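Trainee: Under the numbering used here, the letters of the sequence shown match residues 87 to 680, in that order.
Hint data in this document are derived by calculation from the structure and do not stem from the laboratory. These numbers were taken from a predicted model, which means no experiment stands behind them. Just so you know, not all the hints are guaranteed correct.
[Unchecked claim] Here are the simulated lysine-lysine pairs, DSSO-like style, with alpha carbons at most 30 Å apart:
1) 248 to 578
2) 248 to 90
3) 565 to 578
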Amino acid sequence: MSDKSIQRLVRAYDSAFLARMTLSPEAIGDPALVCAAAPGLDDVARDLLDLLLLTGDTSGAVDQRLRPLVEAQGEALWRGGFILPHTAPGVGATIDPRHYAAACRVNPGLKRRTPLEERLPRPAEAPTPQSPPADARWDAVVVAAALEASPLGLNRDGNARKDVRRRVLGALGDDELRWELALSYARAVGLARPAVGRLYGFPESRARALVDPVAVLEPELAPAARALLSLIDDRWLCLEPTLTLLSQHARQVLCSPDPSGGYAEHPGTRFDLTGWSRVEAPRLRLAADALHRLGIIEATRDAAGVVELRRAGEPRRLTPGFMLTPDLAVLVGVGELPLDQYGRLCRLAPYTGGDRVHMHRITQEGVAADLAAGHTDTLEFLTERSRVGMPWSVKQTLQGWARSAERITLFTGVNVLEENGQLTVVKAETKEARVIDYGGQEPPPARFSMVNNQLWVSSGEDALTVRAALARVGEPLPKSEGGGLRYRLAPKRTREPEALLETLRRLHVSPTLPGALETAVLAVNGLPPCRLEDALLIHLPARVAEALCRDELAGPLLERAVTPEQRLVRRSDLPVLAKRLMELGLAVEAEPRG
87 MSDKSIQRLV RAYDSAFLAR MTLSPEAIGD PALVCAAAPG LDDVARDLLD LLLLTGDTSG
147 AVDQRLRPLV EAQGEALWRG GFILPHTAPG VGATIDPRHY AAACRVNPGL KRRTPLEERL
207 PRPAEAPTPQ SPPADARWDA VVVAAALEAS PLGLNRDGNA RKDVRRRVLG ALGDDELRWE
267 LALSYARAVG LARPAVGRLY GFPESRARAL VDPVAVLEPE LAPAARALLS LIDDRWLCLE
327 PTLTLLSQHA RQVLCSPDPS GGYAEHPGTR FDLTGWSRVE APRLRLAADA LHRLGIIEAT
387 RDAAGVVELR RAGEPRRLTP GFMLTPDLAV LVGVGELPLD QYGRLCRLAP YTGGDRVHMH
447 RITQEGVAAD LAAGHTDTLE FLTERSRVGM PWSVKQTLQG WARSAERITL FTGVNVLEEN
507 GQLTVVKAET KEARVIDYGG QEPPPARFSM VNNQLWVSSG EDALTVRAAL ARVGEPLPKS
567 EGGGLRYRLA PKRTREPEAL LETLRRLHVS PTLPGALETA VLAVNGLPPC RLEDALLIHL
627 PARVAEALCR DELAGPLLER AVTPEQRLVR RSDLPVLAKR LMELGLAVEA EPRG
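Using the sequences and the hints, build the whole thing.
Mentor: Shown next, in the form of structure tokens:
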């Protein structure tokens, strides 16, 4: 909304209300004048204005949950032009703006005002910024490298199943919140991108600018982060005194009370200072911590978290390099490499641990992946950036791995003829051959079923996708009469059986895999043996079966149920159980054999 449109809107107010306004239409349309008038408001009106600034979105719209406050305390804000109706009246019509409490917004000129500006606590001396416990920007590159090596399966809504996501992120470390934030950041800046139901990593790509930091955070923390971002600028701010200030002058910054005086989302918690310390204050602290990890703010910290904060300035320039040890370990501090070079390092030497200093280890698979990505200067890349040079043992190892790494040439946009199990590149399609198009918008049909312990693939649903997957769990058999493929169930060992099972679920005719297939895949990769135990089946009288299971002595011995009246009992526990049953007046007799 331009300054002139604001002036036209204010001039359309009722004449009686217009006469009582404290600022003229011209002043209300001038950002400098309206900001200068804000400190002159009384305490109640100024607190309400700052609350609206803290909770408003980018359009300045007033949060609907604050409508009762606007109706009760907003008179001075309407009269000063600090809040305005969302819509203007028709030509020649006039309005009373106070009737628009449900559809109003903060004057755009107040974007220059920092909420609670006159009261914000500042440190006496400018502190020295400290590093966050972990930098989400660097962690995102680690996640991208992990997704490049093992893409994440996505649901139809574009999100990964929790168990699959935890498996991939859990391999990086135990701090689930750290890696969830890194994954969210990686998706936001393009280091991780979805395609055909999978989430792929691009560790060497240039990250996009993070347009909206709040969108990266969990929905519960987003309002807290937005409030903190509206408070900070280039000056340092003390966090804990600021939280106290918010509890006194902007109590509804994150939540509003329900009619009973409590929290609607936290039943039993009163909307008072104790509730603030349990609900809002922890969210604000977590939001400050996340913003620090994202590099949006600079901060000082203690053991509990952020102490002082301000908007982040230019990052420190460090001399590129890392430590390379004779045992193939790489130690690199956060910021010691450009992110694209760090992405290549993460592929070449997978992350093994660390937060402010990341630890990596060069692997044979990493060297092969570096070659497959098109790089031919692995030794030069490491030598130029190693602060201690290239250890001789590392050089010999890398040269050996590079020689043994299989180079694969990928063809795109070509026709390949498959005949008798062999692939031949041809210039044009063969009319007699069935065409499988791998370049279309949808993947070619690829499904299998399991019949009588054999894996079947019907003709027409035999794309390379399903054949490659079944080659890992079966041995080829002669084709069926209809030309379909058959495999005998014979799984091979794999490093990631869960990932293989996820692929098979996607290709199976139904989402649930046959029990024999899933069991065989897991068993070949190592499972504890099935254990036999000598036990007896005891038949309990139906009238007292449930009561006996609640008995403090008999109950623990009757936990394993076949039916409500039939229980499995260890043979070694039988004397104790029989004695207890007789104490309770029940006879125990063995079923006659034969």
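Trainee: Hint by hint, note whether the structure agrees.
Mentor: Quick rundown of the hints versus the structure:
no., hint, verdict
1, 248 to 578, "holds (27 Å)"
2, 248 to 90, "violated (52 Å)"
3, 565 to 578, "holds (21 Å)"
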